[in-house]
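K.L.:
Please build the complex by placing chains Z, L and B on the supplied structure of chain W, with the hints as guidance.
Number of protein chains: 4
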Amino acid sequence: MAAASNFYSIVAGVGAGTGRSVALKFAKAYPVALLARNPANYESIVKEINAAGGQAIGISTDVSSESSVKNAFTEIQKEFKGKKLAAAIFNVGGRFVRKPFLELTLEEYEAGYEANGKGFFLFAQATLPGLLESVPDSPHPPSLIITGATASLRGSATMSSFASGKFALRATGQSLAREFGPKGVHVAHAIIDGVIDIPRTRDWPVNGGVEDGKISSDAIADSYWYLHTQPRSHFTQELDVRPYVEKF
Amino acid sequence: MAAASNFYSIVAGVGAGTGRSVALKFAKAYPVALLARNPANYESIVKEINAAGGQAIGISTDVSSESSVKNAFTEIQKEFKGKKLAAAIFNVGGRFVRKPFLELTLEEYEAGYEANGKGFFLFAQATLPGLLESVPDSPHPPSLIITGATASLRGSATMSSFASGKFALRATGQSLAREFGPKGVHVAHAIIDGVIDIPRTRDWPVNGGVEDGKISSDAIADSYWYLHTQPRSHFTQELDVRPYVEKF
Amino acid sequence: MAAASNFYSIVAGVGAGTGRSVALKFAKAYPVALLARNPANYESIVKEINAAGGQAIGISTDVSSESSVKNAFTEIQKEFKGKKLAAAIFNVGGRFVRKPFLELTLEEYEAGYEANGKGFFLFAQATLPGLLESVPDSPHPPSLIITGATASLRGSATMSSFASGKFALRATGQSLAREFGPKGVHVAHAIIDGVIDIPRTRDWPVNGGVEDGKISSDAIADSYWYLHTQPRSHFTQELDVRPYVEKF
Amino acid sequence: MAAASNFYSIVAGVGAGTGRSVALKFAKAYPVALLARNPANYESIVKEINAAGGQAIGISTDVSSESSVKNAFTEIQKEFKGKKLAAAIFNVGGRFVRKPFLELTLEEYEAGYEANGKGFFLFAQATLPGLLESVPDSPHPPSLIITGATASLRGSATMSSFASGKFALRATGQSLAREFGPKGVHVAHAIIDGVIDIPRTRDWPVNGGVEDGKISSDAIADSYWYLHTQPRSHFTQELDVRPYVEKF
Numbered sequence: 682m683a684a685a686s687n688f689y690s691i692v693a694g695v696g697a698g699t700g701r702s703v704a705l706k707f708a709k710a711y712p713v714a715l716l717a718r719n720p721a722n723y724e725s726i727v728k729e730i731n732a733a734g735g736q737a738i739g740i741s742t743d744v745s746s747e748s749s750v751k752n753a754f755t756e757i758q759k760e761f762k763g764k765k766l767a768a769a770i771f772n773v774g775g776r777f778v779r780k781p782f783l784e785l786t787l788e789e790y791e792a793g794y795e796a797n798g799k800g801f802f803l804f805a806q807a808t809l810p811g812l813l814e815s816v817p818d819s820p821h822p823p824s825l826i827i828t829g830a831t832a833s834l835r836g837s838a839t840m841s842s843f844a845s846g847k848f849a850l851r852a853t854g855q856s857l858a859r860e861f862g863p864k865g866v867h868v869a870h871a872i873i874d875g876v877i878d879i880p881r882t883r884d885w886p887v888n889g890g891v892e893d894g895k896i897s898s899d900a901i902a903d904s905y906w907y908l909h910t911q912p913r914s915h916f917t918q919e920l921d922v923r924p925y926v927e928k929f
Numbered sequence: 682m683a684a685a686s687n688f689y690s691i692v693a694g695v696g697a698g699t700g701r702s703v704a705l706k707f708a709k710a711y712p713v714a715l716l717a718r719n720p721a722n723y724e725s726i727v728k729e730i731n732a733a734g735g736q737a738i739g740i741s742t743d744v745s746s747e748s749s750v751k752n753a754f755t756e757i758q759k760e761f762k763g764k765k766l767a768a769a770i771f772n773v774g775g776r777f778v779r780k781p782f783l784e785l786t787l788e789e790y791e792a793g794y795e796a797n798g799k800g801f802f803l804f805a806q807a808t809l810p811g812l813l814e815s816v817p818d819s820p821h822p823p824s825l826i827i828t829g830a831t832a833s834l835r836g837s838a839t840m841s842s843f844a845s846g847k848f849a850l851r852a853t854g855q856s857l858a859r860e861f862g863p864k865g866v867h868v869a870h871a872i873i874d875g876v877i878d879i880p881r882t883r884d885w886p887v888n889g890g891v892e893d894g895k896i897s898s899d900a901i902a903d904s905y906w907y908l909h910t911q912p913r914s915h916f917t918q919e920l921d922v923r924p925y926v927e928k929f
Numbered sequence: 682m683a684a685a686s687n688f689y690s691i692v693a694g695v696g697a698g699t700g701r702s703v704a705l706k707f708a709k710a711y712p713v714a715l716l717a718r719n720p721a722n723y724e725s726i727v728k729e730i731n732a733a734g735g736q737a738i739g740i741s742t743d744v745s746s747e748s749s750v751k752n753a754f755t756e757i758q759k760e761f762k763g764k765k766l767a768a769a770i771f772n773v774g775g776r777f778v779r780k781p782f783l784e785l786t787l788e789e790y791e792a793g794y795e796a797n798g799k800g801f802f803l804f805a806q807a808t809l810p811g812l813l814e815s816v817p818d819s820p821h822p823p824s825l826i827i828t829g830a831t832a833s834l835r836g837s838a839t840m841s842s843f844a845s846g847k848f849a850l851r852a853t854g855q856s857l858a859r860e861f862g863p864k865g866v867h868v869a870h871a872i873i874d875g876v877i878d879i880p881r882t883r884d885w886p887v888n889g890g891v892e893d894g895k896i897s898s899d900a901i902a903d904s905y906w907y908l909h910t911q912p913r914s915h916f917t918q919e920l921d922v923r924p925y926v927e928k929f
Numbered sequence: 682m683a684a685a686s687n688f689y690s691i692v693a694g695v696g697a698g699t700g701r702s703v704a705l706k707f708a709k710a711y712p713v714a715l716l717a718r719n720p721a722n723y724e725s726i727v728k729e730i731n732a733a734g735g736q737a738i739g740i741s742t743d744v745s746s747e748s749s750v751k752n753a754f755t756e757i758q759k760e761f762k763g764k765k766l767a768a769a770i771f772n773v774g775g776r777f778v779r780k781p782f783l784e785l786t787l788e789e790y791e792a793g794y795e796a797n798g799k800g801f802f803l804f805a806q807a808t809l810p811g812l813l814e815s816v817p818d819s820p821h822p823p824s825l826i827i828t829g830a831t832a833s834l835r836g837s838a839t840m841s842s843f844a845s846g847k848f849a850l851r852a853t854g855q856s857l858a859r860e861f862g863p864k865g866v867h868v869a870h871a872i873i874d875g876v877i878d879i880p881r882t883r884d885w886p887v888n889g890g891v892e893d894g895k896i897s898s899d900a901i902a903d904s905y906w907y908l909h910t911q912p913r914s915h916f917t918q919e920l921d922v923r924p925y926v927e928k929f
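Residue numbers (the working numbering), protein chains in the order written: chain W, 682 to 929; chain Z, 682 to 929; chain L, 682 to 929; chain B, 682 to 929.
Treat the hints as calculated values from the structure; they're not laboratory data. For each residue, glycine too, the CB sits at the ideal point set by N, CA and C. Just to be clear, a hint being listed does not mean it is correct.
[As the list claims (entries may be wrong)] Simulated restraints, written as ranges between beta carbons of each label pair:
1) L783/Z with P820/W: 21 to 31 Å
2) Q758/W with L783/L: 51 to 61 Å
3) R881/L with N719/W: 56 to 66 Å
4) P781/Z with S748/L: 58 to 68 Å
5) N731/B with P720/W: 52 to 62 Å
6) L783/L with P820/W: 38 to 48 Å
[What the hints assert, rightly or not] 30 Å max Cα-Cα, derived DSBU-like pairs, lysine-lysine:
7) K864/W with K780/B
8) K928/Z with K765/W
9) K928/Z with K928/B
10) K780/W with K728/Z
11) K864/L with K928/W
12) K864/L with K759/L
13) K864/L with K780/B
14) K928/Z with K765/L
Isolated chain W, as found in the complex (with noise of 0.2 Å):
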């Protein structure tokens, strides 16, 4: 794990799969901050990383609500206080919700846009300035990372929540990228295409049950360690990622 650096790294939405690899990727290089609601999700990891030498700090945090989001931050800068932001990875899930559209409640709607969207957005205002600052002197250009999902580019039938929020996402994402590119910080966004292999999705018979018929997580923090080490004369904006045999 990475000796001292003076930039720090902050994954959002961190659990058993994408954000922990995520964490642990980003820790080799730069101290990392893991937001998740739940301590659960982040303890062991925090633990893992500082046991390997790197520097981690997990905070309790609802992306969706404002003053979460300040109290994180305020920490963040306590917590790391003299250096400054390399990248910034946005993963939240959020609250998955699939019905029938005429059974959903406005409540169950909006899950899918209040982690995607307004979560997006308080995370994106809090970390911007701090990747603005980090442009003329950060190893890779400073990164704003998103996770999108297959249904960031099609809604379908039971899933408006769960779209909705995707798609908001990603207007989000597009916009800051044509603000915010031309200053010099990365935004770039990945359609995660299938299911990731994480222990709660061992058994589930995707793709016939073959041999890496599900999504490596640690290739997704591959990805987008490749994505932050982008030179800034070859950003990517948007990749896709799908396992070997899914359909699309």
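P.N.:
Chains Z, L and B only, in chain W's frame:
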């Protein structure tokens, strides 16, 4: 204007442009309920339709308020008792905020979603049961027609509020098309790519000020009527429209 | 059928389905020239139109042959001397080859492009000068209308021949819309996403064999006529159509 | 440069920019065959690689000629006897023609397709059998990587030749990804959206002439190598790249 019909229509988002033209167009076939927050936006249109022998009512409605939508539909059902719903048009613009991202308040960012996400959810939940009921005997497939914009397809610098709302609207529209199309309800989405020719935009120097460089709202109304009258063997889910001189 | 008109129309790719319906539709307003390789594909339609008081001619044409297209347009100009071109519809299917990629011959792969790339190039070059000439006085904006397919938007395993042709067609159509739209010519592209209901497909078990599970070619003709009659302030560049039960 | 490997790679379309950088990058891991019509385009690169301890051959090839491609692959198999194919990169630009549509000759229009449609077909048919053979034991999933452009996604006025070729290329790439992905071959398509920084473009006033306003071809090579090394649980089918200041 139309004599009595056993069916009625609803237009949400009525003002000087598309909403007015659509109301006048659909009023030739069906009584029409016009929804707008500000009664000044529908009063003259209601008069115009009724004076011409059609039937129209206006209801002051905030589509992003559950109770306001509920009240509106209670009133519609009372006014149009015994009639069934043939067409519902969602033409809500919402508050348009254009600002550098870091200057947006949360409330400004959310303005896009309030109208086009939450507002459309409430409108669709209120109209789909009636549209489904009309499937067996309505003169044309019952239709839910949605007004999109350039920002439905791409985010732009300073446009994250509007784009996130219009993306969310499109996501939900696609989800509904896939869920309710097979039940016989036609859900269609129009990308309006250009400035609409209304009194407020008359002096905007759009497309060099050439004749027909702005979109005729009557032509939009014709396109919505065309969509409504498509047979179920031939549903258009999405179409774009723009002036002949518009860059795209 | 139409009395004499000062304008005429052309439909390339005439058979039992879309081409026939489009020819009958446009023949109500304009004399029409029908192009198909095999005269059996247009002879009965020509008779039907002329018997109904319209005016139609058929010309055996291979749109992917320069000399054949040249001959066809020489004959059209002779037959419709003094008239101007109001609408040109490109509805060529071409040879449809569906095979594992490694079993395709070069000639089979190129079949898609021959009809939809090269064929459309020759057709567009032959019709655009006439369409431009009609801009000042044609009853509706002179129109070049193109038949696309699901394969215009996505390649599929075993469909590279057809998809490469339809993608090339769409690319050229977009280029022409951007070049000739500002000059007053309406270039529109329709994505036909489903099986068309013609004698040959009658027994295909499409969409579970439900009523209206295949696309009515008359409805396609209506949509092309609708596109043709759009005013220049409101041009649709692309629309999709599919049966209400089609998965998409 | 690499010591001997049991695998080799092929780069079609080699010149001063992407092709050269990709060749140098892949030559670190595999012997590489460079294809270009003009030997001047590969000779110095072949020397550079061999001088650095790598292994490279160059073959004068016209990818749009069946016999030329056949000869090239016969020679490759002879030169790299006993080795298996790990990666094939299709980076052919072809003749770029930009003209008002009505001034294009058929031959000019077809130039786009010749290189990117027909040329890619011949290249893919020649390389896919070898890539399939390498699936069981290649160090990374055998890869077919394709260079696209802005014109792969949209047609522009005066660009129908190039756009129709690049659309056809993308269609075929998608078809192959869907057919050969499940067999373990990684087919990926890169949208290069910007001007590449090569001697010929050095003085082009792109993006106001700012530093890094053109794409580094070495960064493209890094991205192709990244694509090649993705595990099969996490294949990217498409990604875009552009300079941070590029409008999009």
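K.L.:
Each hint should be assessed against the structure and marked as holding or not.
P.N.:
Structure-based check of all given hints:
1. L783/Z with P820/W: 21 to 31 Å: 24 Å Cβ-Cβ, so the 21 to 31 Å window holds.
2. Q758/W with L783/L: 51 to 61 Å: holds (59 Å)
3. R881/L with N719/W: 56 to 66 Å: holds (59 Å)
4. P781/Z with S748/L: 58 to 68 Å: Holds, at about 60 Å.
5. N731/B with P720/W: 52 to 62 Å: About 58 Å separates the Cβ atoms of N731/B and P720/W, which means 52 to 62 Å holds.
6. L783/L with P820/W: 38 to 48 Å: Since L783/L and P820/W have Cβ atoms about 46 Å apart, the given range 38 to 48 Å holds.
7. K864/W with K780/B: The hint is violated at about 35 Å.
8. K928/Z with K765/W: violated (41 Å)
9. K928/Z with K928/B: Status holds; Cα separation ~15 Å.
10. K780/W with K728/Z: violated (42 Å)
11. K864/L with K928/W: violated (43 Å)
12. K864/L with K759/L: This hinted pair holds, its Cα atoms lying about 26 Å apart.
13. K864/L with K780/B: Status holds; Cα separation ~16 Å.
14. K928/Z with K765/L: holds (28 Å)
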